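Given next are the chains, with one letter for each unit.
4 protein chains.
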Amino acid sequence: MIRYGMVGGGQKAFIGDVHRSAIRLDNRASLVCGSFSHDEQASKTFGRTLNIEEDRLYRDYIEMAEKESKRDDKIDFAVVVTPNAYHYEICKEFLLHDINVVCDKPLTLTSEESKELLKIKNERNLLFCVTYSYTGYTCVKQMRCMIKDGTLGKIRFVNCEYPQSSLSKKKKKDSIGSSWRSNPTIAGKSHCLGDIGTHIENLSYFVTSLDMKRVSARLDTLVDESVIDDNACVMVDFEGGAKGLFWSSKIANGYDNAVRIRIFGENGSLEWVQEDPDHFIYYKEGGTRQIMSRGRDDFDSESQKYSRLPAGHVEGLYEAFANIYEAFIDTINLKNSGEIIDERDVDYPTAEMGYQGIVYVERCLESNEKDGEWVSIK
Amino acid sequence: MIRYGMVGGGQKAFIGDVHRSAIRLDNRASLVCGSFSHDEQASKTFGRTLNIEEDRLYRDYIEMAEKESKRDDKIDFAVVVTPNAYHYEICKEFLLHDINVVCDKPLTLTSEESKELLKIKNERNLLFCVTYSYTGYTCVKQMRCMIKDGTLGKIRFVNCEYPQSSLSKKKKKDSIGSSWRSNPTIAGKSHCLGDIGTHIENLSYFVTSLDMKRVSARLDTLVDESVIDDNACVMVDFEGGAKGLFWSSKIANGYDNAVRIRIFGENGSLEWVQEDPDHFIYYKEGGTRQIMSRGRDDFDSESQKYSRLPAGHVEGLYEAFANIYEAFIDTINLKNSGEIIDERDVDYPTAEMGYQGIVYVERCLESNEKDGEWVSIK
Amino acid sequence: MIRYGMVGGGQKAFIGDVHRSAIRLDNRASLVCGSFSHDEQASKTFGRTLNIEEDRLYRDYIEMAEKESKRDDKIDFAVVVTPNAYHYEICKEFLLHDINVVCDKPLTLTSEESKELLKIKNERNLLFCVTYSYTGYTCVKQMRCMIKDGTLGKIRFVNCEYPQSSLSKKKKKDSIGSSWRSNPTIAGKSHCLGDIGTHIENLSYFVTSLDMKRVSARLDTLVDESVIDDNACVMVDFEGGAKGLFWSSKIANGYDNAVRIRIFGENGSLEWVQEDPDHFIYYKEGGTRQIMSRGRDDFDSESQKYSRLPAGHVEGLYEAFANIYEAFIDTINLKNSGEIIDERDVDYPTAEMGYQGIVYVERCLESNEKDGEWVSIK
Amino acid sequence: MIRYGMVGGGQKAFIGDVHRSAIRLDNRASLVCGSFSHDEQASKTFGRTLNIEEDRLYRDYIEMAEKESKRDDKIDFAVVVTPNAYHYEICKEFLLHDINVVCDKPLTLTSEESKELLKIKNERNLLFCVTYSYTGYTCVKQMRCMIKDGTLGKIRFVNCEYPQSSLSKKKKKDSIGSSWRSNPTIAGKSHCLGDIGTHIENLSYFVTSLDMKRVSARLDTLVDESVIDDNACVMVDFEGGAKGLFWSSKIANGYDNAVRIRIFGENGSLEWVQEDPDHFIYYKEGGTRQIMSRGRDDFDSESQKYSRLPAGHVEGLYEAFANIYEAFIDTINLKNSGEIIDERDVDYPTAEMGYQGIVYVERCLESNEKDGEWVSIK
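Protein chains in written order, with my numbering: chain A, 1 to 378; chain B, 1 to 378; chain C, 1 to 378; chain D, 1 to 378.
If you're looking for bench data, these hints aren't it; they were derived computationally from the structure. There's no promise every hint is true.
[Unchecked claim] Straight-line Cα separation of at most 30 Å, DSS-like style, residue types lysine-lysine; simulated pairs:
id: 1; chain 1: B; residue 1: LYS169; chain 2: A; residue 2: LYS154
id: 2; chain 1: C; residue 1: LYS335; chain 2: B; residue 2: LYS12
id: 3; chain 1: B; residue 1: LYS370; chain 2: A; residue 2: LYS213
id: 4; chain 1: A; residue 1: LYS148; chain 2: B; residue 2: LYS170
id: 5; chain 1: A; residue 1: LYS170; chain 2: B; residue 2: LYS148
id: 6; chain 1: D; residue 1: LYS378; chain 2: C; residue 2: LYS370
id: 7; chain 1: A; residue 1: LYS284; chain 2: D; residue 2: LYS169
None of these values were measured; they are calculated from a predicted model.
Make a model of the complete structure from these sequences and hints.
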């Protein structure tokens with residue numbers, strides 16, 4: 001069985017638990033070491049509840065990278081689920097010790113940092129996954145297949161939105177910034193765009209493979225004065241002529257996590273809403289709108305293999321995460337068996353995509369500072 | 001009974017028939033004269049099928065305005081449903097003969113023309129309705145009431161979209177421009193923005209009363225090379241700090257007329273989708289998402305009065321048009337009874353709104369020409 | 001133009017206004033006479049508001065049938081929209097004076113009465129429409145076409161429901177029976193089954209052409225003790241082996257008029273929900289669920305001709321009624337032009353269907369009295 | 001950590017894997033032994049892939065019950081996921097060795113068997129869960145809380161349906177009965193009613209606590225002549241006056257697992273659709289229809305504790321199963337800590353409910369044989 005360790009994701013951390021649970025679902029990797037908190041004692045206490053052996057409960061990620069790299073039964077990959085600001089140094093440490101990495105998104109605070117991680121990873125021929133969760137859904141994978149197959153013909157327009165309400169209530173002065181996500185030093189300069197706008201950018205790319213040419217952005221501060229943006233509108237010009245419109249919001253009261261992507265092509269269109277993840281709409285030019293159902297309808301084998309349950313039994317976020325890990329572990333196994341891996345062909349979101357996400361945020365911030373002027377991506 | 005005449009809307013014209021049918025639904029106004037086509041013979045032949053008396057089947061709108069204005073039983077209003085380019089001169093003619101006007105949207109080709117109509121109308125104290133159809137829906141009126149009542153508190157963000165598919169199929173060279181809507185000389189410089197983007201701008205204003213401060217627009221030509229725009233993205237800054245994002249598209253294959261407006265305020269949010277006109281979602285901060293149903297739920301009397309059928313029996317576009325005419329005819333009756341009318345308080349879409357729409361299109365065109373630079377509305 | 005008269009449908013009557021408005025929508029028939037109330041004065045006062053000439057404002061339906069039948073410009077049909085108990089005698093009077101009839105549903109209080117009307121109508125070769133409103137929707141007509149064409153193959157199962165909430169609130173003793181619909185002498189022995197259960201029975205037959213063999217019914221009195229049934233469950237065995245399950249309810253709080261029909265056949269299934277009348281779901285065996293959209297998708301010409309507006313502009317109840325009248329008036333014109341009409345082939349709901357509805361109610365009442373024993377329809 | 005063993009659920013078995021995965025999700029119980037197949041070698045080979053120690057890979061359930069019962073580190077519970085026919089003898093064996101049991105539904109082939117299991121379990125004071133999966137959803141638990149709290153007042157009517165399409169295609173002679181579910185000797189006398197109709201009966205009871213008084217059933221054989229029923233309609237009279245209508249179908253082509261329950265009470269109604277498990281509709285008499293969202297809206301703490309993810313991140317079937325196990329393991333822990341457990345108060349579906357399900361199927365079969373005659377449940 002594959003072995004992994006974790007940095008971050010302690011007692012109260014939400015996303016760390018999601019990663020561990022999702023990995024357990026498939027029982028293909030076991031958690032054998034970790035450093036779950038800056039507070040060494042808290043980390044160890046917590047690690048014991050996860051049945052990790054004492055000598056693999058490390059003081060910090062530095063010790064962990066060092067000691068694991070020397071073991072015969074060393075971890076196959078490290079999962080980094082700390083606040084954003086620490087991703088860079090931690091990921092780098094593991095890469096420099098030749099350990100594959102899975103890191104939460106957004107990848108780093110700056111694109112320079114991401115670029116460096118990318119460079120090291122490539123030089124050392126390592127695998128690196130950035131867990132953009134929505135890429136794990138079977139329907140998202142199927143839409144990707146259909147577009148790769150040319151089902152839609154030339155893509156013309158992508159509309160993607162992510163309305164959420166986490167910042168819609170005005171907070172009392174005292175509580176502002178209580179979450180690290182609202183602290184730019186730790187979370188990155190942008191709040192809404194960095195946290196959820198990057199999901200849009202990634203989802204659009206993952207599904208359509210369209211590269212961006214330039215962006216024009218308006219980052220709004222409508223409620224929470226302590227953040228740069230709690231709402232973000234971005235116009236996108238893609239390479240090749242397609243256009244895009246992206247909207248993410250943390251002040252959309254009444255909304256939960258209503259990610260919606262709509263892709264319009266020459267020969268049809270696709271629409272997927274994350275809150276109904278097992279279906280998408282496929283309109284074929286000259287035909288009708290079809291409700292595609294995971295597990296029932298004709299999916300490509302490349303996406304169908306991620307379908308776990310019969311149609312009509314919902315698969316949610318844990319399963320999407322599990323699918324990302326399934327693809328990542330498959331790739332590790334392939335690599336371990338001697339195959340040469342090109343991460344441009346893998347089925348999980350890559351460090352390259354993580355880097356793209358940070359570039360996207362930086363260019364949008366620049367455009368916003370210039371009052372919406374178009375900024376080139378390259 | 002109120003009397004009206006019509007210019008345009010001949011044999012094959014779609015929208016003219018909608019106007020006439022909607023007016024008949026309530027039986028409060030009768031069509032007594034008209035000039036239905038540039039082709040005098042066609043006009044008269046068609047007019048006879050509508051049971052109009054021979055001497056009121058006019059050669060053209062000039063004769064109609066002149067002769068009607070001299071009759072004791074003259075028309076109370078003229079309905080102008082010609083292609084856009086002719087709105088200006090026709091409306092002007094009737095106004096100059098002191099006849100109230102109902103004109104289809106967009107009002108004119110240029111804002112100067114609209115401004116002039118507005119001026120004449122005001123000087124002569126006439127009534128003027130521009131038939132933005134979606135303002136007629138009871139749910140739209142109820143959302144307007146709720147916002148006027150302060151139910152949402154300060155408005156923060158408006159997202160409105162109108163995806164449609166009428167231009168999504170590439171046309172053969174020969175057939176391009178076969179419709180007058182694709183001919184800029186007749187329809188106006190913008191196609192998508194002018195035809196359906198104006199519905200968005202109007203719906204946003206009608207419901208929220210938010211004035212625009214400036215716009216940044218990208219008009220896309222994704223399919224039909226003969227038009228300036230078949231897809232349009234507009235960022236809006238409103239007076240007072242609210243922001244908006246508008247998307248209209250004629251290349252959204254798979255979509256029919258999926259107008260959707262979402263309004264986010266301090267104390268809640270609203271969402272209405274035109275294809276399910278009898279419901280809207282009201283989210284009250286701290287509460288739940290509520291499905292408001294016309295005819296069943298607690299609507300204000302100002303909007304409730306437009307509800308014709310018990311809840312669950314759908315009211316569609318004809319009824320929305322009928323509601324616009326109901327408000328217009330009510331206002332005519334009030335005016336005829338001696339009351340002084342301020343059209344800022346009426347319940348139908350006004351010439352002022354028609355003018356705003358043309359200004360909006362012009363500013364967006366300007367912004368687009370300047371590669372998305374923000375352009376002030378005033 | 002076709003001429004018609006009306007019996008019932010006075011000042012406050014809801015459904016009479018729907019009939020008149022729907023007829024006006026198409027402008028193919030004009031209301032020339034009527035007896036709108038038992039109260040002669042009220043009837044005449046009201047009739048004047050409809051611009052009916054004084055000598056055609058009749059004392060009662062007897063005078064109306066007599067005098068109209070002698071005129072050269074006599075009415076082409078009479079519309080009967082009184083409470084149920086009076087349908088029989090009024091319809092009979094017009095038939096005996098050789099005047100075509102449109103009558104609201106349910107047709108009569110007893111099947112004997114309906115049978116007699118049917119007999120007279122047939123002997124005198126008259127046209128007779130019973131306005132089951134849902135048969136007027138274009139999507140319903142399209143589903144009918146598809147089943148007639150064999151698209152679904154052999155029908156296996158029909159599930160139809162009509163939940164409504166009109167009786168869900170317990171009424172104070174005094175107000176019970178304030179509506180004639182709750183008075184069995186006037187409305188008929190069954191309340192829920194008679195009023196809305198008949199819509200289900202008719203919709204099932206109209207769409208599938210399946211004849212019933214036997215029924216097993218439980219009529220529930222869950223709230224309103226003054227009525228026989230405020231909720232009704234019926235199992236149906238059709239001729240030829242198909243089965244059905246019908247549920248109608250007047251105590252389904254939260255529901256408006258949520259008629260839903262689902263038809264399962266050998267080669268696919270259909271689903272239509274009245275509150276979204278312009279769409280239905282078509283599942284083709286081996287394919288996907290398709291959202292069929294009136295006006296956009298490939299409908300048969302027989303149903304397509306009832307589509308008035310482009311897809312995405314909703315057509316509601318008025319339009320459905322107008323479609324019924326469109327078919328009826330087409331048939332009158334055909335008959336007037338000398339063609340022989342077989343009402344089994346027409347596109348409107350017939351007296352035969354009206355009769356079937358009453359038989360259905362009687363058999364269900366019998367089954368209910370026998371504690372759900374199966375009762376043969378024939 | 002809690003220990004469990006499994007009987008059935010070998011290599012290709014679908015539901016066994018769901019149980020194991022769901023348990024792993026929470027990491028509170030570990031699989032330490034099993035007998036996964038009648039084929040001892042296959043069982044052991046498969047067991048090894050699950051990292052079970054060699055001496056706990058048992059020849060059969062008899063050896064497993066015997067040997068485990070003698071260990072100090074014996075299992076806390078056995079999970080029985082074999083075909084239905086073997087449930088009885090296997091569950092009995094574990095109970096007789098004082099081991100708690102989790103068994104898939106339906107519990108046994110006959111109610112006598114279920115009754116006996118119930119008796120042994122009670123005598124020996126053991127815990128027994130029957131995994132009716134839909135009881136695990138947080139929204140289902142919240143509806144249960146609301147009804148227990150009296151939110152709906154007196155329940156009047158329950159409508160529940162489970163349309164599915166697994167038998168909608170006519171099978172070739174040869175393939176009939178290839179699945180054990182179609183073999184009455186192994187699966188039980190009823191197919192559709194036994195397999196999915198019991199889910200309806202259970203869901204209705206779990207949410208409303210309404211006891212049945214009598215049933216009238218029609219079991220249809222519409223496609224698959226090899227089974228007693230592929231479609232089932234049941235009328236239910238509950239104790240206390242409420243009524244019910246249940247429909248389950250395996251021939252509903254186009255449908256996946258569209259379980260829908262609607263409950264109408266004096267003071268409001270509830271509606272939940274399994275394919276959108278994180279929401280339900282709550283209508284409060286005099287109010288509006290509210291879309292309740294797991295994780296966002298005001299849920300009772302008793303149900304809220306099962307919510308794992310923030311609202312908008314879907315939780316599906318694995319999570320529902322995990323919730324059942326969460327409640328079961330909580331109860332085991334309570335019991336192990338010395339508390340006295342009354343299984344009428346627990347939060348998982350019990351053996352008593354399993355027994356009720358079999359009684360329900362038997363009474364429906366009896367009613368069907370008597371052509372729908374009402375059959376008393378007691």
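Hints, verified against the model:
no. : hint                  : in the structure
1   : B:LYS169 <-> A:LYS154 : holds, 13 Å
2   : C:LYS335 <-> B:LYS12  : holds, 28 Å
3   : B:LYS370 <-> A:LYS213 : holds, 18 Å
4   : A:LYS148 <-> B:LYS170 : holds, 22 Å
5   : A:LYS170 <-> B:LYS148 : holds, 22 Å
6   : D:LYS378 <-> C:LYS370 : holds, 22 Å
7   : A:LYS284 <-> D:LYS169 : holds, 26 Å
Of the numbered hints listed earlier, not one is contradicted by the structure.
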